[in-house]
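**Q** Here's the letter readout for the chains.
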Amino acid sequence: MIRNPRDIQRYNASERANHWIVGICFILLALSGLAFFHPAFFPLTQLFGSPTWARILHPYIGVVMAFFFLIMALRFARLNFIHKQDIEWLKRVGEMVNGDDHNMPEQGKYNGGQKVLFWGLVIGMLLITVSGVLMWRSWVAVPVGVVRAASVVHAGAAVFMIGLIIMHVYAAIWTRGTIRAMLYGTVTRAWAKQHHRVWYRQITGDKR
Amino acid sequence: MTNTWSDIKNADVVLIMGGNAAEAHPCGFKWVIEAKKLNKAKLVVVDPRFTRSAAVADYYAPIRTGTDIAFLGGVINYLLTNDKIQHEYVKAYTDFTFLVDERFAFENGLYSGYNADKRAYDDRSSWQYQRGEDGYVVTDPTMQDPRCVYQLLKKHYSRYTPDVVSNICGTPEDQFLKVCEYIASTSGTDRVMTIMYALGWTQHSQGSQIIRTGAMVQLLLGNIGVKGGGMNALRGHSNIQGLTDLGLMTNLLPGYMTLPGERETDYGAYIARRAPKPMRPNQMSYWQNYEKFHVSLMKSWYGKAATAENNWCFDWLPKLDKPHDILQVFEDMYNGKLNGYFCQGFNPLAAFPNKSKLNVALAKLKYLVIMDPLATETSEFWKNYGDLNNVDTASIQTTVFRLPTTCFAEESGSLVNSARWLQWHWKGAEPPGEAKPDTEIMGSLHLHLRELYEKEGGTFPDPILNLDWPYKRPHEPSSEELAMEFNGKALVDLVDPADPTKIIRKAGEQLDGFAQLRADGSTACGCWIYAGCWTQAGNQMARRDNADPYGDGQTQKWAWAWPANRRILYNRASADPSGKPWDSRRRLVWWNGKQWGGDDVPDFAPASAPEVGMGPFIMNPEGIARFFARDMMAEGPFPEHYEPTETPIGVNPMNDNPAAVYNPAARIFKGDLPNFGTSAEFPYAATTYRLTEHFHYWTKHVNINAVLQPEQFVEIGEGLAHEKGIANGDRVQVSSKRGYIRAVALVTKRIRALKVNGQTVHQVGIPIHWGFMGQAKAGYIANTLAPFVGDANTQTPESKSFLVNIEKV
Amino acid sequence: MNVSRRGFFKVCAAGMSGSSLVAMGFAPTAALAEVRQFKLAHTTETRNTCPYCSVSCGLLVYSVGDGAKNTKAKVIHIEGDPDHPVNRGTLCPKGAGLLDFISSPARLKYPEVREAGTNEWKRISWDEAYARITRLMKDDRDANFIEKNADGVTVNRWLSTGFLAASASPSEAGYITHKVVRNLGMLAFDNQARV
Amino acid sequence: MALQSLDIKRRSATTTPSPQVRQTLEVAKLIDVSACIGCKACQAACMEWNDIRDEVGTNVGVYDNPSDLTANQWTVMRFNEVETADGGLEWLIRKDGCMHCEDPGCLKACPAPGAIIQYSNGIVDFHEEHCIGCGYCITGCPFNVPRISKKDGKAYKCTLCSDRVAVGQAPACAKVCPTGAIQFGSKEKMKEYAETRITDLKERGFDNAGLYDPAGVGGTHVMYVLHHADQPGLYNGLPKDPAISPMVSVWKGVTKPLAMAALGAAALGSLFHYVMKGPNEVSKELEDEMEREDERLRAQEKEDVK
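Chains as they are written, first to last, in the numbering used here: chain Y, 1 to 208; chain V, 1001 to 1809; chain U, 2001 to 2195; chain A, 3001 to 3306.
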């Protein structure tokens, strides 16, 4: 990759670090969680040393993730308020997916899809954290009926979130030039202008 | 037990009263459940508490602790009034027709012959039968004579009407009558009731008489000597039957022979008094053989030193001035009259009443020797355990030795169960550390003493130097040698008296039974009732054939039962006077025209034809069973209700005689009189008892049992709890005149307030199992509270009825 | 990260094969399950009798070791003897807990003495125990034995030392105890029958 | 030949069936509450046989001790004092512990392969070696039986003495029970025996006596004879119609395939989308525009340097 001093800073180091902490936690949680969820994934527990280690670590990793997710969410919440053009964007998301972004309304730092993903993850995290705590027998004792409900919610929320993250990751892969934003913090001006024109203009003052 | 554990399955009604078999004897209780399954038997429980026996009973009735004679007296009255007795049985097999001395009287709570100063009946001459010129008892077969036992009995118990019973016992009248109906349902020959009792009847100042009353009920119903019937004392310890059989009591010798009193200076008179002549024609009076048993015992103990010339060492036997039972001994110890004391597998500090008195008494000893597998409270009576055992250690000048002994798994030998079975067991492991069996310790003590007396001489060394000691390893006599010794052997060739050419047993051979014992010194036998347990054919106690060919649970070839391998005592009474079983489904022994036989060893002369008229109670000189106990009971021939020594109602509703409120003959020491409380100060009736999870004071040392019942508690009813503001789980202090304990309060619906003599009586239940040592949570010794008073006949302490107060702490 | 189309395929292929491995190769079908080894298989079985109440249930005592010279038997399990006609293999909570009685921490292991006025136990040898106890016995007996009472009747009794006998020791121990104790002239002699 | 000492019918977290061909005897334990004296011999025998010892606890105002099931106490007696309509009293004592359900909620919930096994004789057994300590078995159990040990974090419960049953012996509690309130044998025989007990109880006036073998969990291999089968709740809250909670069924039932399908679809959908639609790249015009701008700026910079 050729570095260009005129590339645009999209995420600063702290934001990137925060994202990746959450991201790594999520991967670990997804791997261990899936292992508990479906027998086919049970061997994934070996990644954690042993099945029992996976069981022990899973909730603690969850606590770490919940904490950093909270910080990240507070950081990005304002940027993810949904506006009129986001709704418009979402209405046309089919064209976007189909590979034609010509008619998409101009987007700020985040497009409608990203915002929906953000709020989806916020809701998912809330559910998965609360239900996870209720299931955490080592520290928490609640009536078995609550644990049962929490178990269903936890599983549902986890599947929901993993689904969102698959989309999130795919979107990053699909939209070329995106991943570097979370790796080095910068994107090319062309990328910014292409995908987040409003934001590009705000940053560069370019009125075109 | 007159019968056996597995025989209980043959019962139609089971009365559990004065005991709690489900909790104290669960594996024996299984046969009650079997009776329910097999015979549709009904289980009736009468108890101050709704126990775990009551939990599976068909009927439960509450009773105030210590009032069982009133209850059972009421039952007798009910049976007589409603004609629910087995007429032929009582007429032929009991003293119903016997006439009683004209002078015998009962007035206002006392029998004739009472000496108020001595608090005893010192003149019992009126408590006798009328004798004819032939020396035999005079009878009235019509039973119309007002002096016949039947009429006297009827008169005595006519006072125990249902409302009187209810007024004394607190049992609602309808519930009392319901129990009577269950009991009366077995008056026919086709139905049988068994009675199971234990310490709930014995640990009273009138305990022996309670048991007699129970036995009288059974006799009226014809339930003694038959399958599924009997009076079944459920003994507490694995070999307490054996140790009693072997006479380890102040006044006994092995086999229920008795020591001479100090007025019995003449050997011949000593024997004659114990070998009574029959009181009716053609009766056996088996004790007439007493001298054979006695001489054989002396030969076992003194061997060649016992000769006809020296009256078989009669002088060497200590002569009793009075019974030195446990209460007497601790009284003497308290008064400084004892220097040394041995506790062999016994924890008196926990087991005896009035702990604070015991502490003082033990501290007056010069030396105390403990032999035990476990560290007992008694062994550390000198150690301060705070409130639980608050003593001044430095001032206690007693030297205490503690010797470790083996437990069951580490020794071989026999144990005698409640059903009189001698069962052999084998060693399965080595003891811990240097622990030794009691046999070895006793042997070593004797040999050390003998050595000292040989070396130094000393007071009256004769018996010590001459004690027969034929054991192969003198310091540790083996169980096998000792068992063979108490079975007995021939010392010379024994010639058959009927056929002088025949030798029954050669010199040195084991005897087959007590019938072979001789009074001429030609046999030795350490315990005549055990003769037959180790014959020339080998160890009968180790037999393991559990075949039960008649399906009635008698298992004749399993181990060996005394006497003579007989499983049901008085079994001749299972057949009618003509020798035919009362009930063909329940036949046990019968007359086949030539001799007696059947599914048990006949408790009878095997060839005595029914026409001869020998009675089935062959140990009694009367040949029959006694309702009228003659002069044999300390407080009178018929049981009478007396209040517990500490009574919650203060009066005896059966009389208005201040001398007869509580048992007028009870064992009470003058010094203890200030230690009795009154209902004004201590308003609640208390009773102590065992829980099924624990065994006395042993299992608090056992982890599993400590887990199952970890902490001391007392049980009270909801009414009392409400009155005293005590909530379930609160800590309470229970106090008597003699001290206090603190424990968790368990508030329960199972103990209800009773209406007694116009007042409400609350009862407090006190399980006993805790102490200041062990795996379970440390607790107070419950017998701190119990009074130092004993039954008039057995001197058993009255741990089941006393007064307490209870307060939340 | 600039992933080429080709590179992406590689990643996908790896992912596919990985998850296939997960699904087939490492799949947990072979988790073994066996019941706990039957712990009595080669223990020594000894017939015994429960020492608690007088139902006197038959016991089977299981100990490790087969009695060979170099093994020390240790009881590891006790259960009811099914042949026994009374308990038929059953036990009560006390009998079922007997293992912990045998191995109770309260079991005494050595002769000990607590000297007058002191507050601790001191371990002694059996010889010392016997010697000291019999010395105390003899001194007391010699001093306090009553050969004749006030009326001059031979009574030959020793009242100043008493003996409380056991309730669960074998009859043979009871018999020898009676023989030794009564022979000394003791009358303050009793057992557990009364309580 | 099988590897295990008892044939296995089902194992936790395993998607393929265990060998099913051999038909073995189905066993059951019958607890006749009407004959139970609450002596706790079963508890003692259980501790002794299984080499477990609970802590010495405290008395909390009842006979129940230990007061609840623990990892070291696989069965406890529950005592209930119940007043009858006629002013009488019943002391109902129920032995509590694993019911060995035919359809075990614990096994269904367990995520660790082989940690929970159902043998073909009906015993549901925990294999602590495979247990990961998640406690899902507790969540899944309709009878609140399994307990996690504080010592090792593993789940424990009654094994129905699978080690004894495997060698042809009865469970320790059944063998020890002094009154025969606990019986053991084939499930068929146990039901036959239960009938005789129920008949007897009905004759003694317990009109509602009956067998507790709840269908909601497919029947159990530990059954009760109750004097009041119409009110199992009297026996310390024995559930009337126990079943695996619908929550657990959803969680461990439909959720699994649906979720797997959804996630699979998401992943495959992405793949195929990429393959079919190609990447979303920056347009050539914008790239060129930025390129030109860069050129311009570079030229400007050079001049600035000069």
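Read the hints as simulated data drawn from the structure, not as lab findings.
Fair warning: there could be bad hints in the mix.
[As the list claims (entries may be wrong)] Here are the simulated SDA-like pairs of lysine to any residue, each with C-alpha atoms no more than 25 angstroms apart in a straight line:
1) A:K3191 <-> A:S3149
2) A:K3277 <-> Y:E106
3) V:K1042 <-> V:Y1550
4) A:K3154 <-> Y:Y60
5) A:K3151 <-> U:E2034
**Q** If a hint holds in the structure, say so; if it doesn't, say that too.
**A** Hints, verified against the model:
At roughly 34 angstroms between alpha-carbon atoms, K3191 (chain A) and S3149 (chain A) are farther apart than 25 angstroms, so this suggested pair is violated. Annotation: proposed proximity of K3277 (chain A) to E106 (chain Y) holds, straight-line Cα distance about 22 angstroms (limit 25 angstroms). Using a Cα cut-off of 25 angstroms, the hinted pair K1042 (chain V) and Y1550 (chain V) holds, with the two alpha carbons roughly 23 angstroms apart. For a cut-off of 25 angstroms, the pair hint linking K3154 (chain A) to Y60 (chain Y) stands: about 18 angstroms separates their Cα positions.
Under the criterion of a C-alpha separation no larger than 25 angstroms, the hint pairing K3151 (chain A) with E2034 (chain U) is consistent with the structure, at around 23 angstroms.
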